[in-house]
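**Q** Each chain is listed here by its residues.
Protein chains: 2
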Amino acid sequence: MGTTARGSAPGGEIEEMLDAHEQLAQRIVDREAELPPRSPGALPDDLRPAAAGRPLAAVVEALGKVLDRTPSAASPRFFNQLFGGRDRAATLAEMLVPLTNTSMYTFKVAGTQVLLEQEVLARMTRFAGFPDGEGSLTPGGSLSNLLAMMIARNEALEHAREEGVGGRATAVYTSDQGHYSIRKNAGILGLGRRAVREIPSDHRGRMRVEALRSALLRDRADGILPLMINATAGTTVLGAFDPISEIADLAAEQGVWLHVDGALGASALLSPQHRGLLEGVDRADSLTWNAHKMMGVPLSCSALLLRRRGLLTGHLNEQADYLFQADHDALNPGTRSIQCGRRNDALKLWAAWMHHGDEGYRQRIDKLFALARHAARRIAGDPAFELLLEPESINVCFCVRGHSSPALCRTLDQRRVLKIGHGMALGRRAIRLVCVNPDLDETAIDAALDSILETAASLSPPTGGTISESGSCGANNVV
Amino acid sequence: MGTTARGSAPGGEIEEMLDAHEQLAQRIVDREAELPPRSPGALPDDLRPAAAGRPLAAVVEALGKVLDRTPSAASPRFFNQLFGGRDRAATLAEMLVPLTNTSMYTFKVAGTQVLLEQEVLARMTRFAGFPDGEGSLTPGGSLSNLLAMMIARNEALEHAREEGVGGRATAVYTSDQGHYSIRKNAGILGLGRRAVREIPSDHRGRMRVEALRSALLRDRADGILPLMINATAGTTVLGAFDPISEIADLAAEQGVWLHVDGALGASALLSPQHRGLLEGVDRADSLTWNAHKMMGVPLSCSALLLRRRGLLTGHLNEQADYLFQADHDALNPGTRSIQCGRRNDALKLWAAWMHHGDEGYRQRIDKLFALARHAARRIAGDPAFELLLEPESINVCFCVRGHSSPALCRTLDQRRVLKIGHGMALGRRAIRLVCVNPDLDETAIDAALDSILETAASLSPPTGGTISESGSCGANNVV
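Protein chains in written order, with my numbering: chain P, 71 to 549; chain D, 71 to 549.
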C-alpha cells in the first residue's frame, strides 16, 4: 500500500490509519473461524484510557487485543442472532460512512446521501405495496415500532401530541410471541405497559384472530380505546407470521391502526416464493423492516414505512430554523425523524441493493429459507433431536432429547463451539438455530448440528433441566 | 497492498473490498478541500438499484460518484454543524465495527466490547461528578434527552410506566434557547408538547432562573405537576451555558428532576479551564453528553448519564429470556437501553480516549475554545462584521453589516465557498461559526471569515433582508 499516492495534509495523515485498518480487518477475518475466549472480567489497565495519551500504534495494538475477544457475526459458528454473515458491498459502504461523517438531517449537510435514503425507502415501500407511502430509517426495530405506535396513538387520540394522552384507557394488541418492544414502547409513550394485550398464538406461533377479536370487543365494551394492532411478520423465536390478511380485515372493520412488525420477516417481500407469508401487508398502516437482518446489511438499518404520506412530518416535525434551511423540507429528512443528528444508515443498504439487485435479494431470501428447511429435515431425521415444528421462515427450533436447551447452549458458548441461543416456543424451551448467513451452505449447517450433538454426548449425565418421561427435553425448563 | 497475505475464504474475498475501501477513502480525502457541487435533483439511473445486480466494481464506481456529491465534515470549508474534523483513532475504530458487526445487548454476542462501553461510561460519569452513576450510549442527543425525560416522568408519576401518564397536567421547563428535542420528546412521551415551558433567557442566552422559579411556582399553584427542569450546557445557536448551580438549588428546593442537556457542552468537563461552565452538574439527576461533537468521535455517540445507579434497568428492562441469557445482567447492556439491537457506538470513543488520554482531550477542548475566542476577536476588530456577543464556548455568532445572514449563507453554499448556517440569537438572525474542528488553526478560521466578506462584497446590492438604520444586519430577518 505504501506506493499509493497520498494527498497533502490532512490526506497524508490517513495513511497510517488505513494501513492499520487493513491489518486489523485481516486479523478479524483470519481468526473468526474460531470463537474468541470468554473474558467477562475487569479490563486490564492496558485496555483502559488513562490521563496520558498513547501513540496511534499502541491503540492499534490494543484494538487487536479487543478484537481477539469480540465474537464476529461472520463466523461460521455464529447462529445466536437474527443477523449474520458479511455482505461485502454493504460493509464497504459502512466503512466509508465515518470518513465523510454525514448527518442525515438536511440536504445541505448530507448531499446526495439524502437521495440514496429516499431511494431505498421508495424501493421498500413499493415492495410493501404502499405506492403512496413514505418512510424513515431509524436506529433499530424497537424504535421503528415506537414511531409506529406513536403515530397510531396520535391518530386515535387527536390532541395527544399537543396536550398529552390524558386519562383515557387505551389498548394495544400483539401476540404472546410478539417482540418485547411493543410493551416497552407502551411504557415509553405514556400509555402504560398494561395497555398491551397479549393475544394467544396457535400451534404454529401465529396470533389467533378470533382471540384478537374477542379482546378488542371486550375492550370496546369496557370503554377502552383500541389504538393499534401489531401483527408480527417473523416472530423472534419461531420466525412465525401472523395472518396479516385476516387481521387487516378485522382492523378495517374496527377502524384500528394496523402495524406489521416485520423487523425479521418483511424481507420475505423480496421473494415471490415467500412473500405470500405477508399477504395483506399492503393494507397495513405501517411496517417495520430491518435490513440488518435477512438483507445482510451491518447494524443497524431499520425502516419504518407508512402507507400514507405526510404522517411522519405531521407527527415529528419541529420548528428548528437553525437547522432546516436552504432546501425544501422534502430534502430534509430530519423533519421526519425521531432523531436530530442521524448517522448515515442508508449508504450500506443502497450499496448492497445496487450490488445484488432485486434478483440477488430474491435468491438470497430463497437460499436462507432453503437452508432452514434443510436444517429442519436433518433434525427431524435424527432421533437424537426433536424438531418443535416445521419452520415457517429461517428460525429452526428444536431440542436435543434428554438435554436442557439453556444448559446445552451455555456449554456450547463456554467451550467456544457455537454461539447459539434458546427461547420459549409452544410451551417448550428450545434451541433456536437462525439460518441468516447466506455464506453458509448445507454442509456448514450440518456441521453446526453435529457439533451440538457431540457436545451433548460429552455431557454425561445430561446437564440439568427437567427431563420429561418421554426422554425429550423438558417443558418450561429455565436457565 | 497486494503482497499482504490473505486468509482463506471468506478471507480471500475481502481483499477486493479492502482495496476498494482504500481507494475510495483516498478519494474522499483528496477532494474534500473543495465542497462538492449541489445536485438535489433526481438520482440518475446508474445510481439506482435495479432488478439486476451489478458487479462489486460497478458499485465501487457508483460509490465514487456519490462520494463526490457528499459534503465531508472534515473539509476545512465545513462549519455548518456542531461536529467536524476527522479523528484518526475514532475513525479507525468505527471502520472496524461493521467487520465484527457486534450488537451491544449482551456479553455473549458482543464480548469485550461490552466492557469498553462500561469503561467509557464510567469515565464520563466520573467527569460528571456522578461517582455512583450509570449510563447508556444512545443513538443521539435527542434520544438521550428522551430517556432522561421518561425517567423523570416515571419517577414523578409513580405508575406511569405500568398504567400510563393519566390525565394529570404536568410541566417540563427549558429555556427559549434549549434544543427542540425537549418539546418533541414531550409529544412522544404522552405529556404533550404544551407541557413544555419556554423560560426566557438573558442577554447571554442563559436561562433566567427567577423566571424559571416564577413559572414553576405558577404551575404548582395551578395544580400542575413539574416533572423536570432541563438546563442546557451549550445551547444550539449561541453555545451558552445555563447557570446550572443556581438551577440545581431551585430543583433541590422544589424537588424537581434536574436534567442537563450537555449534548454540545458537557465535553467542557474535560478541561479544568472551562469545566466551571458546568458548575453544579454533579447535583443534576441526569446529563446528556454527545461524544460526536467536541470529542470528535464519528456520528453518533451520545451518552445519557444518571447520578443514581439502577434507574435505567428499573425503567427500561423487559423480560426477554430468548436474548438476555448466559450472563448476569450487569454484562447485558440491552436491559438498560431504549433499543433492542444496538450498533457498537462504544469502540470509537474508547479508541479515541485511549489515543488522546484525558490530557489530550483537555488540550483539544482548550484549543476549540481558543479558536472561538480568536474568531470573535477577529470579527470584533473588523467593522464589516458585527459580533453578537463574546462566545461562551465554541459557537461564534455574528452578522455582516448590510447583509441578510440567510441570504449570505445560501450564497456561500451555492458557490461552494463554505458550509455554514445561521440561527436566531438575541433577537437577531446571525451567522453561526462553530469552531469544533481541531485540525483547523487560526489561519484557517481567518480564511473562512475572509471568504465570507469576499462573498458579501461580491453581492451588490446586498442580498435581501432588512437593513436597519444603523447599517447592521436587520433584526428578525427571515430566510
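Treat the hints as calculated values from the structure; they're not laboratory data. Hints may be right or wrong, so weigh each one.
If several chains are the same, the list does not tell them apart, and a pair holds so long as it fits within one copy or across any two.
Unchecked claim - Calculated lysine to any residue pairs in the SDA-like style (CA-CA distance at most 20 Å, straight line): (1) Lys135 with Arg196; (2) Lys135 with Glu268; (3) Lys135 with Arg345; (4) Lys437 with Gly384; (5) Lys135 with Glu512; (6) Lys135 with Arg480; (7) Lys135 with Arg118; (8) Lys135 with Leu459; (9) Lys437 with Asp516; (10) Lys437 with Ala127; (11) Lys135 with Glu349; (12) Lys437 with Ala121; (13) Lys437 with Ala477; (14) Lys135 with Arg448; (15) Lys135 with Glu204; (16) Lys437 with Arg278.
Note that the structure is predicted; figures quoted are calculated from it, not measured.
**Q** Give a verdict on every hint.
**A** Structure-based check of all given hints:
1. For the homomeric pair Lys135 and Arg196, neither the shortest alpha-carbon distance inside one copy (45 Å) nor that between copies (26 Å) is at most 20 Å.
2. When the C-alpha separation of Lys135 and Glu268 is checked against a cutoff of 20 Å, the pair qualifies neither within a copy, at 45 Å, nor between copies, at 49 Å.
3. In this assembly of identical chains, Lys135 and Arg345 lie within 20 Å of each other by CA distance neither inside one copy nor across copies; the values are 44 Å within and 34 Å between.
4. In this assembly of identical chains, the alpha carbons of Lys437 and Gly384 never lie at most 20 Å apart, being 40 Å within a copy and 42 Å across copies at closest.
5. Taking the shortest Cα distances, Lys135 and Glu512 never come within 20 Å of each other, neither inside one copy (33 Å) nor across copies (39 Å).
6. In the homo-oligomer, the alpha carbons of Lys135 and Arg480 never lie at most 20 Å apart, since the shortest distance is 24 Å inside one protomer and 48 Å across protomers.
7. Proximity of Lys135 to Arg118 under the C-alpha cut-off of 20 Å is restricted to the intra-copy arrangement: shortest distance 12 Å within a copy versus 40 Å between copies.
8. Neither within a single protomer nor between protomers do Lys135 and Leu459 lie at most 20 Å apart by alpha-carbon distance, with minima of 42 Å and 49 Å respectively.
9. Taking the shortest alpha-carbon separations for Lys437 and Asp516, only the intra-copy value of 15 Å comes in at or below 20 Å, while the best inter-copy value is 58 Å.
10. Within a single copy, Lys437 and Ala127 get their C-alpha atoms no closer than 42 Å, and across copies no closer than 24 Å, so neither meets the 20 Å cut-off.
11. Taking CA atoms no more than 20 Å apart as the test, Lys135 paired with Glu349 passes in neither setting, with 48 Å inside one copy and 38 Å between copies.
12. Only between protomers do Lys437 and Ala121 lie at most 20 Å apart by alpha-carbon distance; the minimum there is 18 Å, versus 51 Å within a single protomer.
13. With identical chains, the CA atoms of Lys437 and Ala477 are never at most 20 Å apart, being 31 Å at best within one copy and 55 Å at best between copies.
14. Taking CA atoms no more than 20 Å apart as the test, Lys135 paired with Arg448 passes in neither setting, with 38 Å inside one copy and 47 Å between copies.
15. Taking CA atoms no more than 20 Å apart as the test, Lys135 paired with Glu204 passes in neither setting, with 44 Å inside one copy and 26 Å between copies.
16. Taking the closest pair of Cα atoms, Lys437 and Arg278 never come within 20 Å of each other, the shortest separation being 29 Å inside a single copy and 63 Å across copies.
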